[in-house]
Structures are given as C-alpha cells and as structure tokens.
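Quick note, the sequences are listed as chains A and B, same order. Note that full-length UniProt numbering has the first sequence beginning at 1, numbered continuously upward. Note that full-length UniProt numbering has the second sequence beginning at 1, numbered continuously upward.
If you are wondering where the hints come from, they were derived from the structure by calculation, not from laboratory data. Because the structure is a prediction, the values reported are computed rather than measured. It cannot be assumed that every hint is accurate.
Incomplete in silico selection of chain A near chain B, CB under 8 Å [unchecked claim]:
{"id": "1", "residue": "F250"}
{"id": "2", "residue": "F347"}
{"id": "3", "residue": "N357"}
{"id": "4", "residue": "P563"}
{"id": "5", "residue": "F578"}
Every residue, glycine too, gets a C-beta built ideally from N, C-alpha and C.
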Amino acid sequence: MKQTLMGNDAIALGMIHSNIDMVSGYPGTPSSEILTNVQKLKAQLKLDLYAQWATNEKVGFEVAYAGAIAGRRAAATMKQVGLNVASDPLMSAAYIGNLGAFVLIVADDPGFHSSQTEQDSRVFAKFAKIPVLDPATPQDAYDFVSLAVDISEKFQTPTMLRPVMRVCHARQIVEVKENHEFNPKKGKFQREISRWAAVPRAGRLRQGYEMIDRINAIKEYNWEELIKPEFEACKGGKLLVLTSGTGYGFAKEALEDLGIKADIVKFKMPYPLPENKIREQFANYEHILVVEEPMACIEEQIMASNVHGRLDNTMNVIDELQKIYIQDALTKLGLYKGENLYPSIPFKDEIPARPPNLCPGCPHRDVYYSIMKVFKKKKSIYPSDIGCYTLAINQEAIDTVLCMGASVSMASGFSIADPEKYTVATIGDSTFFHGGIPPLINAVYQKHKFLLVILDNSVVAMTGRQKPPQRQNGEVDIVKIAEGCGAETYEYVYSNDLNDTISFFKKMKEKYENATGPIVAVVREFCVLDKEVVGQHIHGEFAKVIAEECVACDHCTTIYKCPPMGYNEEGKVEIDPFLCIGCGSCLNVVCPTEAFTVDEERSK
Amino acid sequence: MRYQVVIAGFGGQGSVFLVKILALCAGNKNVACLGTENHGMSQRGGAVSCTIKLGDYSNPIIDPSQADLLIGLEKNEALRNINYLKPSGTLAVNAEDSFPKDDVSAKVIQIDAFTKAKNREFPIQGLNVYMLGVVLAKCEDFPFTLEDVKEALVQFNPKVAQENIEVLEKAIEDIKGK
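Here chain B stands alone, though its shape is the one from the complex (with noise of 0.2 Å):
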C-alpha cells in the first residue's frame, strides 16, 4: 500500500497529535510508515504543516502534487498546502460554506468546525480529532478504520481516549447529517 497524507494547521492546532495518532495506526496494522513534523518557530501561532507517508518509502517529505490526503484543520491553511494534494486527492477542510471549492480540483469534504465549537457543541481543543472523524466518514480510501483510531486513540493516552472518541464520533454524525 502507498498513502500520502498532509495535516496542515497552525501552532497550537494538534497537526502533530494526529500524525502521531497515524503513526500508531500504521504500527498496529503493521503499514510501514514516515512522517515528519515542523517544530520550532513554527510553534509559535506560525504555519505547521506536517506529513506521514503509509507503505513502502524512504523518505518522509510529500512532493507537491502527491499527496492522496489533505486535511487543513483551518481554511487559509489548508488553501496554503493545496499544491501538495493529487488533482485526484481529497481535501478534508475546516472552513466556513463558503470556501472556494470549485477552485480546487480535488474532491473536497468541508465542515465549519470553529462554529461548531464556537456553540460549544464540542471542545475547541479536539478540532484536529474532529476532523480525522470527518475524514473517517467521508473519505473512501482512507486507509485506517474508525476501530483503528480507537485503538490508537487509547494506546496513545487512555485518560482523555474517552473524550476524544465522544469528538470522533460526534464529528462522523456531523458530517453524515450534512
């Protein structure tokens, strides 16, 4: 198997939290794979972008016009990173209804998370979880499970897995609904 995806965030966001969540992923269902993650400056509120590559590679960098995944867990963010996404690719995106779909020629599954947040209908702090459960739902050759986020979930910090479930969940209902 070969899976490329981008996580594009800004500091602060969890771009890496899911990577790692992804790492995990692969671990278990024994895929090979290499990531990797801006750290330092990029902290600060900056741009973070951060990438894992499933299957046979040697190399963790996505080249533009590559990636299978895109997930921008911020409209502008998202928009910044789409010249890594495979004109066949998907674009999962938190952003507002009006974002330009039709400029971007991947096929794009878009939810407002922040509003969603904003109403407290779940914890701003899960909106990186959030939007791999819209992924989850919406993306067909996503290679991961719902039962593998879980489990990835849990084996990473079983404290909180319980309240990420609830966002994951929640966020597959959402976008379902939509």
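If we strip away everything but chain A, and leave its shape as in the complex, we get (with noise of 0.2 Å):
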C-alpha cells in the first residue's frame, strides 16, 4: 500500500508495523515527530503499547533498553546531542545486549539547522560497537525499522537506526505494509545477575570480549546480507563511489547530472563494516570516493591510498552535503572538466536577515525584558539554556548558551568568577527537569548566590508543544522541587501587564542582595501556541502607535522586538495587523513617549 509520509512517519508507522510495543524518548529536533506519531497511532488504532516521553534521553533510553532486557521490542528517540546526554547507558548496554529488540533511533542534524553541534551519530555506534543503519529516504526509514529490529533480536543487541534531518523532514510516497496485525510480545524478566548486573573486572571483560565477537559477527552478516550483492552488480572502472544514507541520493544525482559513470555502493550499515573484504574490491577501480555526512565514518574504516573523502579534504569537512562538493571532489580527481553545474548567483542588493524571534504575545519576551529593566545589561550575566527562551538573544538578555540545564551550572560557575556581577539563569520547565535539578542542588549544598528564573509555561513549546511532566499529571510541581532542592523560592504568575512583570523582579533583586545561596523565582507562564490554555490569556486587545508621539526611538524594536512592530515609509512605528495577536502587553512601559495605545476598532 503506498501513503505519502514524511520520514518521521515512516519510522513511527514502521515500529508499529514490527511490533515495538515500548517506546521511550525526549523530544528534539528533526526526531521529535517520531514518538508523537507512535502515540497518535496508538490512539487511532487503538494499540496496546507503552509511547511516552522521558524527562531526559538517558531516562527514556533506560526505560526502553529495560523492556528489551525483559524480552519486548522496544525503542528510544532522540536527536544526536540527546545522545550525548544518553551515552552513559549507550556505553554499559553495548557490553550487556538485550533478550527483545533495542532500537535506538538517534536523528542527526547536518548542517546546524536547530542544534548546537554537527555530531555524527554512525560515528558514536561505532564507539559504543553497536551496529548502526542509515537511511537515505523515508522508504529506507520505514524499511530499515525492521531491518534493526531482526538484527537487535538475532545479535541480542542494540542497534541504532540514524536518520538524518533531510530524510526526518523529508515527505515521499512510501510503500507501507497493508492490514498489519499488531503483536505486542509480552515482557517476562529472566534473572541473570552475571550479565544484567556484572561488575568489574571479571563480569565485564568477558562481555567485552562477547562484545568483540558479536560485532565480528554482524560484519559478516553485513558482507553476505547487505553488501556483497551490491559489489556483485558493480561494473569496475575510474570511479568507486562509497556511501550511506542522504549521501547515495546526493552522489546518484550528481554523477547523473555531471554525466559521470561510476559503480555507486550504498552501505544500509555503515558500521561495522568488513573492511578487509571491501578493500579487495578497491583493485578493480582508479578512485575510491566516499559520500558521507556529517563525518568520516565510512571513510575511516576502509581508509586506503586510493580512498578520498572528508579525511584528505577532497570532500566537505563540515556543514550538510551539497551536489556542489561532490562536483569539486570530482574535479579534484581529475574526472570532471566540465562547467560548473550550480552555480549559485544571489539577488544583487542586500536582502535584511529575518532572524527567529520569540512569537508575538510570548510571556518570555516581557520577563526578559523585565530581567533587562531590573538587573542591567552591564551589571549582570545572564547565562540561559536551549528552548524558545534562546530566542530571547535578539533581545540581547542570553549571554551564554551551552547544553540543556548548563544555565544553572554555569550561573553557579560565574556567581564564583565574577562575583561583582549579578548572576541571572533562566531555564524552561521541561529543561529544568531534563537537566536543571542536580546543578540546582549542586548550588544550594555550595551555597552559590544567584538567581534562577525557571520560565514555565508547561509546555515543550520549540520542538511541537509536548507535554512535560507537570502537565500530564498535576503531581509534579517546580515550586516544590526547587524548595525541596533548599532554594528560597518565589512563585509569580504572569500577567499582560508589564508593570506586574517588573514589580515582582525589583522583588527579586532585593531578595538577591540578602541572599546567602541561590533563590528561585518560578514564573507560571503559558505558550500562545498552546490552544488549550491561550484563550484564558490573550483577551484580543490590539495596540496601535499614535504616529505623533513615535519619535524613532528603536527602543520598541531592539529592546522588546515584538515581530509585528516595524519601521513605515513615514519612519513611524506600525503595528502588523497579520502578525499582532492581541496581547496588549505593550501597551505599559515598553514605549518612552506613551505612543502605544489599544486599537479600539480592532479590540471590538
């Protein structure tokens, strides 16, 4: 049956289709679509199975890699920095292997387009030796969910699937298996202390060594399974083309477009790889290039005189693949001579930059500039964290941003280096419980004089508005944990008025010089894209600028920066009347001559 799906469909439809049945992860873009698809088809087909996010990926990926130690098929989502945060029990799970199926589904962001660093998750498989299957496009996403489930159950091991953005995000029509029968598997631990909880020395070497012998044996299987019918339909000549995942779709095109003839091998298990068996093909070809993003994983391993690619800069080193590179590379070997095929001619004039910025009505926007108002630029450090709040850096409130919960670590780390400052940390709920909690109590026990502003608006608003855990149930509660932590805690519940805002964060700077450890201010917030809760709060009062008293300041559009406010032909303030949605948040204090006032047609 063929459905047009985007590849986080396809992966979602494709775990329904083998039976996962437990699936655990934290949202994280591009991967984020995954799980929230797992449970949209759980409630649509009415499936018994366990779809839930995680406070964190190493917490989501525990959970998992459990069920598939009790013989269930079950998998973890993640995006590759979740990675980073989940590779403590990665490390450990790759000595263990599981009884069921362990995917470990990690989507990889080329080219920066909403991480912080580029990371190759192939590369992180092949540390940890645990196989790793790399898609190209949604159909190799759909197809290759089974592929790793067989292969977890037959190696007893985790196997991670790495999906790109580009095939996260891309939509094609895929072929999808017709009238599944769903069939979960039921979990019956089996007690084997030796292996699920072996200790150093003895225990663990000799995993280690079982370990060696399984990844031995998954590059067999990969030569006679995966591999060697690609040699076998390959023609020898000039050019060996290497490659995995979105690097086959950027070589296939290029070599057409450049009218090149070339054997052209797709790795679907870039690791691990029977390099020696591939080497001895390498005899029947000039050049060996391989097509990879965004590391030299492939490349790597079958390193040889003849193999260029990222290593020996004949390919791109950092940054998404392009047909261009592969062009260059190409003309590097000496095997294209033609034109250049793409070529890139901007616009003549400067176009002006549209930089993300918080929505128009977001409660962030007004307490950051309150933070502003109150703690001053230069008096203070205000070291923040990853989700919407981010954004807040147009309005130059965000001096550091390093990883999920590191504002709370880093503001206990400058509050020590510089203590003349004022140290403010803002946090988002869903970061503060993923990472925030140990630095805060790490704070209170070293008594470390800041303040932690966690911006709560009860939603992951930046990667699709999943629910954190004080949303799903109402037994979670910030306030509580912070007191429980030993921080002096404040609680404020947000309001349009700007005034409110700024009134209660004197408050808090007043509290900040008596302080002797960290305080806390929970701002109960919401998010405008949440339509469950933003009817109670945005009340449709529309502000207009009375062209008169506008004199041109910037101060609206640098230090507030609501989207809708801009420059007219008049060099008059204007409000977009298709980007305001009625806040009325700037109608107090935010404009120093009083020209912002509510639009009485449009607040009918």
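Build the complex from these two chains, which are given one at a time in their own frames, with help from the hints.
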C-alpha cells in the first residue's frame, strides 16, 4: 500500500509494523515527530503499547532498554545531542546486550539547522560498538526499522537507526505493509545477575570479549546479506563511490547531472564494515570516493591510498552535503572538467535577515524585558539554556548557551568567577526537569548566590508542544522541587501588564541582595501556540501607535522586539495587523513616549 | 517527468502545507516525489523554505540554478532564494508592483496578495493556497491541474477544503484579470 509520508511518520509506522511495543524518548528537532506519531497511531488504532516522553534522553533510553532486557521490542528516540545525555547507558548496554529488540533511534542534523553541534551518531555507534543503519529516504527509514529489529534480536545487541534531518523531514510516497496485525510481546524478565548486573572486572571483561565477537559476526552478516549483492552488481572502472544514507541521493544525482559513469555502493549499515573484504574490491578501480555526512565514519574504516573523502579534504569537512561538493571532489580527482552546474547567483542587493524571534504575545519577552530593566545589561551575567527562550538572544538578554541544564551550573560558576555582577540564569520547565535539578542541588549544597528564573509555560514549545511532567498529571510541582532542593523559592503568575512583571523582579533583586545561596523564581506562564490554554490569557487587546508621539527611538524594535513592530515609510513605528495577536502587553512601559495605545476598532 | 519546486516564506505562512498538498497531488497521479522542509528554529517567524522534487529523484534538496518554479510567499524570501531558480524557470511572487522584475532572469508572475488580504478579499491564512492558484493560472509547465489540487485539498482536510478552494479560485480570477 502506498502512503505519502514524512520520514518521521514512516519511522513511527515502521515501528508499529515491526511490533515495537515500548517507546520512550525526549523531544528534539529533527526527531520529535517520531514518538508523537507513535502516540497518534496508538490512539487511532487502539494499540496496546507504551509510548511516552521521558524527562531526558538518558531516562528514556533506560526505560526502553529495560523493556528489551525483559524480552519486549523497545525503542528510544532522541536527537544527536540527546545521545550525549544517553551515552552513559549506551556504552554499558553495548556490553550487556538485550533479549528482545532494542532500537535506538537518533536523528542527526548535518548543517546545524536546529542544533548546537553537528555530530555523527554513526561514529557514536562505532565508539560504542553497536551496529547502525543509515536510511537515505523515508522509504528506507520505514524499511530499516524492521531490519534494525531483526538485527537487534538476532545478535542481542542495541541497534541504532540514524536518520538525518533530510530523512526525518523529507516527504515521499512510501510503500508500506497493508493490514498489519499488531502483535506485542509479553515481557518476562529472566534473572541472570552475571549478565544484567555484571561488575568489573571479571564480568565486564567477559562481556567485552562477547561484544567484540558479536560485532565481528555482524560484520560477516553485513557483508553476506547487505554488501555483497551490491558489489556483485558493480562493473569496475575509474570510479567507485561508497556511501550511506543521504550521501547516496547526493552522489547518484550528481553523477547523473555531470554525466559521469561510476559504480555506487550504498551501505545500509555503515558500521561495522567488513573492511578487508571491501578493500579487496578496490583493485578494480582507480579512485574510491566516500560520500557521507556529516563525518568520516565509512572512510575511517576502509582507509587506503586511493580512498578519498573528508579526511583528505576531497569532500567538504563540515556542513550538510551539497552536489557542488561532489562536483568539486570529482574535479580534484580529474574526473570532471566541465562547467559548474550549480552556480549560486544571489540577488544583487542585500536582503534584510529574518532571525527567528519569540512569537508575538509570548510571555518570555516580557520576562526578559523586565529582568534586563531591573538587573541591567552591564551589571549582570545572563546564562541561559536550550529552548524557545533562547530566542531572547535577539533582545540581548542572554549571554551564554551551552547545553540542556547548563544555565544553572554555569550560574554557579559565574557567581564564583565574577561575584561583582548579578548572575541571573533562565531556564524553561522541561529543560529544568531534563538537566536543571542536579545543578540546583549543587548550588544549594555549595551556597552559590544567583537568581534562577524558571520560565514555566508547561509545554515543550520549541519541538512541537509536547506535554512535560507537570502537565501530564498535576503531581509534579516545580515550586516544590526547587524548595525541596533547599533553594529560597518565589512564585509569580505572569500578567499581561508589564508593570506587574517589573515589580516582581524588583522584589527578586531585593531578595538577591540579602541571599546567601541561590534564589529561584518560578514564573507561571503559558505558550501562545498552546491552543488548550491560550484563550484564557489572550483577550484580543490590540495595540496601535499614535504616529505623532513616535520619535523613532528604536526602543520597541530593538529591546522589546515583538515581530509586528516595524517602521513604516514615514519613519514611524506601525503594528503589522497580520502578526499582532492582541495580547496588549506592549501597552505599558515599553514605549518611552507612550505612543502605544489600544486600537479600539480592532479590539472590539 | 522531472520538475523541481522551491517554496519560500517565513514562519507561520504555510510553506509546509503547500509541500504536503503538492506531495498529495503527486501521489494521486502516481508521480514519485521527494520533498523536504525546515523545522525547529525557523518556525518562529524565521525564513522557511521547502522543496519538492517531482519525478525520478533520490535526494530531496534542490541545488542552486536547478528549480523550475519558485513560489515566493513574500518578496524578500523570494529574492533570498532566487539563486535556486533556473534562468528559464518561473517565479510566482506575492509582492507589490514595484518588485524588481528586471533584476530577475526568470519569468516573473507577480501579485500583491497582502493588499488583497488587507482589503479582506480573502483570509490571510489562505495566502499559500492563493499563491498556488496564481501558479495554476499562469505557470504553463506546472505539472498539476486545478482539479488535481482541489482533490488534494479535500483529501488533506475535508472540513476546510471548501474555503481553500474558494481562495484558489479567487486567485485564478484575480491573476487572469490582472
């Protein structure tokens, strides 16, 4: 049966069609829709399976992995930087293995479309010594889920599925199974202390040898089942292209465009590779070009004198692949002498940049504006974190962004390193749960003095509005957590009147002066994209600008920075009616000349 | 058949929706397609560009100088992506009359949809569908018909399909009368 699917839809459907019945993960672009789609399919088809978000990737990994130890078919989903968080259980799980299936789905982001770092999770699989499958398209992504389940069960090893953003967010007509009857397994944990609880050195060393044997057996399997048929179809000649995942699509199209005949071998499983058997094939070719992204995973395994790729600078060394990089590589190898088929001629004039910004009506904007107004730019350090609120960087209200939860621990560090300044850290609710709690405990433990503002909009907004723990059921309470950590904790319920928010932070500044350890401000907010709650908070109070009062001071467009605000041809600020959502937040404080007023006509 | 389309706009304008509709059109006509879209940071009012390649392709990204059609949901986003268009391609753009047509080597179909939406001639949420109507009316090599698009709109969401079809037809009328 054919269906038009996005890669992440295809992976979710592939999971159901492979009878995976335990899925856990943490959202992160480009992986987020995988688990969301499993949840949708569960509801639509009334399936008996577990599909839930975890508080972070390590937790998600461990929940699902326990399922696989107990004999079920389980999967964990995350993005590449999430794997860093889950790397601790991964390294051990690779030694221990599993009884059922454990599919670790990690979405990579070559080209940094929405990530702090590029990373290649195939290299991580190689580091951990687990097999990894690299889909090129949504069709591959669907097919490879069941292949991953088979390999994981056959070899009793965690198996990684590594799609990149251009697979996760690609859209294609995919051939899928029809009338699948979902058949979940019953979990049955079998006690085997020497396996599941092996301790160094004797137990783990034995498992280490088993892991090496396993990976060698998978190399054999990779050759016999997946690679040999590809080489059997090859003809030999000047050029052999070795590739996996999206590299295949780029290579195939570039060779067609450039009119160059070459053999292409696509590795479905780029690690572990039977390197010697592959090298035996090299005698039939003048040049071997490895096309892969974002790192040299295949190339490192099969290095030889006539192999070219990222390691010898024949291909690009960072950033997403483009066909022009392949054209350049072929030019360097003397295999292409024609014109540049992909000239990029930009528009002759400069086009204004359009940086992502906090949504119109977003409470974060008011909170950051108030913090800056009270604590001042020059007198304070503002460590922040990963989430929508990172966009307050446009208001210059953020000084550092490192990784999930680091705002809190870095606030500790700044308070020690530069105690003359105020340190005001900001973090979202989901990020606080993910990685912010241990550093808060540490700060209380060691009496680090800073203000931590937890912006609680009760949704993981940036990745598609997943529900965080306090939303799912009311038993988790951030205020109680912060209090339980021992921090002096205050709560503020956001109001659209900026005066209220500023007063609250003035109070926080007073508390700061007398504090001996961290103080926490939990700001209860909402997300303007959150349809369930937005109606209670946005009342359709639209603003307009009295042109005579506007002195073009830039204050609203550079410091408050709400997207509808911009200059018109007369040089006065105007509110774009298509963008304004009527929150009324800009009516107080923002304009030094009080040019903002209620647009009675629109507010009716 | 081989046909490559870039859709450029900014967060909230519905570029992604258009890709979904075109993918459905392709599916219904049994034409292979491969598309991609930007998510994440670009959702918050940032530039968003989506691509769809119709026919026998193996990679979803469109390279510079390769697109047959560029749909610009906004003037600057159209110009930002102009390098993806073939010199012989078509640009369908929502922009005022002052749009610098002469500086673009491709064929330009320009219409000021923002002003029409401001005058409440159609709901602004339908801007993407409106621009698709403009393409259907004026882009000769576009591989789908009005009927194909209508079918996909119904398939995608039968509840709002009628409103969208009205926007589509309004666009066709407007651009023909221009």
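These are the hints, each one checked on the structure:
no. : hint : in the structure
1   : F250 : 5 Å, holds
2   : F347 : 4 Å, holds
3   : N357 : 5 Å, holds
4   : P563 : 5 Å, holds
5   : F578 : 5 Å, holds
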